[in-house]
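Here the protein sequences line up with chains Y and Z, keeping their order. Okay, so the first sequence: first residue is 1 according to my numbering, each after it adds one. Okay, so the second sequence: first residue is 1 according to my numbering, each after it adds one.
Hints are supplied without guarantee of correctness; some may be wrong.
Example chain Z residues on the side facing chain Y (calculated, C-beta under 7 Å, incomplete) [unchecked claim]:
#1 F75
#2 Y117
#3 G137
#4 E138
#5 D139
#6 G178
#7 M187
#8 V194
If you are wondering where the hints come from, they were derived from the structure by calculation, not from laboratory data. As the structure is a prediction and not an experimental result, all values here were calculated from the model. C-beta atoms are modelled at their ideal positions from N, C-alpha and C, and glycine is treated no differently.
As a plain string of letters, each chain reads:
2 protein chains.
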Amino acid sequence: MFVDRLIESVKAKKTPVVVGLDPRIEMIPDFIKEEAFRRKGNGVEGIAEAMYLFNKGIIDAVYDLIPAVKIQVAFYEAYGIEGFKAFFRTAEYAKSLGLIVIADVKRGDIQDVAKMYSKAYLQNPLFDAITVNPYMGEDSMVPYLEDVEKFGKGIFVLVKTSNRSSKDVQDIETKKGGYVYQEVAKMISRLSKVIVGKYGYSSIGAVVGATYPFEAKILREEMPRCYFLVPGYGAQGATAEDVVNCFDEEGYGAIINSSRGVIYAYRSDFWKEAYSEYEYGQAAREEVILMTGMINNALVKRKYIAS
Amino acid sequence: MFVDRLIESVKAKKTPVVVGLDPRIEMIPDFIKEEAFRRKGNGVEGIAEAMYLFNKGIIDAVYDLIPAVKIQVAFYEAYGIEGFKAFFRTAEYAKSLGLIVIADVKRGDIQDVAKMYSKAYLQNPLFDAITVNPYMGEDSMVPYLEDVEKFGKGIFVLVKTSNRSSKDVQDIETKKGGYVYQEVAKMISRLSKVIVGKYGYSSIGAVVGATYPFEAKILREEMPRCYFLVPGYGAQGATAEDVVNCFDEEGYGAIINSSRGVIYAYRSDFWKEAYSEYEYGQAAREEVILMTGMINNALVKRKYIAS
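Using the sequences and the accompanying hints, generate a full structural model.
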């Protein structure tokens, strides 16, 4: 079962940190681009090769530290066929080193179409879980639930997202009191009952932005069985203190993603004196260790885990 | 401007009918599968080839009748790289015959990621418009708006979808009175003001399900500048009478999609006596003509157009 594998990997690696592989060509070190363009030309094939080589360097540097990677498909989809090839190669490489692979695809459509998305990702052995958009309601999620059960996969449904405008729809006040994101949470919580593992968590999880600690506290109670995938740490502005509300009292229940903050650590004010672009993997590794320390400290302070 | 091109094509072809190219391998005529598998083997390449050949036959049969095709990406995405190739080839073939191509991708993500989706589709000359999911709010739509303006493209934002469970989130009653879909409609209506063409419509449109005529009437008033992309006709149960509320009083303002009802017409009770599988294109053509007649009759009855 997905959620049990996830929790066991979080326990083994002693961190809830997930690294987001969102390669932007303009942020990739020149030496990688030069190598990639030399091999494949400086068109879209070269760009895709550079993205893959960059990801491989990050994965090599952090795979022993973290339970999972999250791959945001849009960064690859932007480059069409060649981009998708880099997406699949990245997933394959991460899996080969034992990482859990979350495809951040945020798909959502009517039942017949959702079946096709489920075939694309949950039925694909390269991926362990996907993110899903709930706007079209429960029947748009049923095909995923079937494959979650059948193939031991997971989904994380968008509930309260990390961006500023998440308020526009998610924070609409409802007639019965509360907000739209709470109604979505209730729907997901109900669905999560059917697939619960040995630690009391479900393979039906939720996306809850690190940037909304107040809402996270409410949602942690509304969705007791849902593991949270938490974006927004670091580059989007959230801190270790902000994410504590996403966890349960044993320090589980959430994985915290950082993309830009980790993979471009070598360019950050904090690390750029210490690491050159050639050491971007090492900088990412240091950032994962630092982020783990900060989150674990925040959990200790809240007495969720022992020091 | 996208919306002007769309309206002019609707005027020229005298129909609001759009054909959805959603190839399901099990529904494709055997003679096409045999040809495709002979060329490319019966693995994923053969399946993708069969999907493309099937689509080509439909496009050849109906391109002179209709303003646009809608291509649902999930049916292709399910087959990975080869599926995407068939998706792009289909778009290219439809464009080569002068059709407007709507990529039904329903993407939605934070601003930086939406930029990548916009690069993938709106910056791609093969596509004229995409569908977009509004759950993440206004900032998740800004990158599309920029490219709509810059490249003369369009978007259709999900407001009230055709599926039964669309009620779960979209019909949540709001504190201020009304429903979530109306709040989404207000947001889209506001955004639609910035890109208005010579017929008073915007290139920022909305998806409104044919299966909800009551809601369509409300939404037609809430979003006066938004062209509606209307799914749910035919196989999903909606009739010509049901879609009339999506139109304005001149008989414009909506394009009506049918996928299964048209492309698998040769298998339907209505047409299967008249057409063999070899004539699936001809059956699709007859169905488009019939559907056009029924919708235009319904518009005449409502006195939106002259008989």
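Here is what the structure says about each hint:
1. F75: This interface hint holds because 5 Å falls under the 7 Å limit.
2. Y117: 5 Å, holds
3. G137: Nearest chain Y Cβ about 3 Å off; hint holds.
4. E138: With Cβ-Cβ at 5 Å, under 7 Å, it holds.
5. D139: 4 Å, holds
6. G178: 9 Å, violated
7. M187: Constraint on M187(Z) satisfied, holds at 6 Å.
8. V194: 16 Å, violated
Figure legend: structure checked against the earlier numbered hints; hints not met, in rising order: 6, 8.
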